[in-house]
Amino acid sequence: MNSNRFLSRALLFCLLAAANTVFAQTSITSFSFEDKDWGVDSTARPKKAPYHGPTPTTVPGARVIKTLELKALLDSNKNLVVIDVLDARNRKSIPGALLLGGAGDGQFFGSEKSRFAAALEKITANDKDRAIVFLCLSSECWLSYNASLHAVEAGYKNIIWYRGGTNSWAGASFELITPQNVSW
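325 is the number of the first residue of the sequence shown in the numbering used here; add one for each residue after it.
One or more of the hints may lead you astray.
[Unchecked claim] Using 27 Å as the maximum straight-line C-alpha spacing, the simulated DSSO-like pairs for lysine-lysine come out as follows:
#1 481 / 390
#2 395 / 416
#3 481 / 395
#4 360 / 481
#5 372 / 402
#6 360 / 452
#7 360 / 390
#8 481 / 437
[Unchecked claim] FRET-style restraints, in silico, Cβ to Cβ:
#9 382 / 452: 32 to 42 Å
#10 352 / 452: 16 to 26 Å
#11 364 / 393: 28 to 38 Å
Keep in mind the hints are simulated off the structure, nothing from the lab.
For glycine and all other residues, C-beta sits at the position ideal for the given N, C-alpha and C.
Between the sequences and the hints, there should be enough to build the whole structure, so can you do that?
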């Protein structure tokens, strides 16, 4: 009887050790649905309101980045521009982000296009090759998708869409702070 109990405990110990090894080797690489494929087709046209809803996994003319990639970029590239386009009171965002509220509107007309282009020229010192990251709340927010399209249309060549937004950033337990508001 003691040998059965010993074998049972030994087996349990081995199973727990194996499970611990598996979980220790598993690394989380995405947060808050930032890589979820909602089955939405990518489009080169900005989406009109409502802006809350599932987004595509790609955006024409830009590349998509996930949380850990953005963190590594921020740690290594001090020339990176990060623009949050969600216009919300008391908004918290990624450290170093500029708040360009309204830049993700789906209906840009001549004056909005000109003002947006002028704002980007000022922010980037008119460097069309400078890396610009656009973000908003989550993978269910079209504002940063739209802003990415607007920047591509304005001639910027290194546009990065942070699809997961501040929800994914917070999901990774990274700090959120009050962004610098940019009037445009």
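Handout entry: Hints violated by the structure (listed by number, smallest first)
Key = Per hint list: 5, 6, 9, 10, 11 violated.
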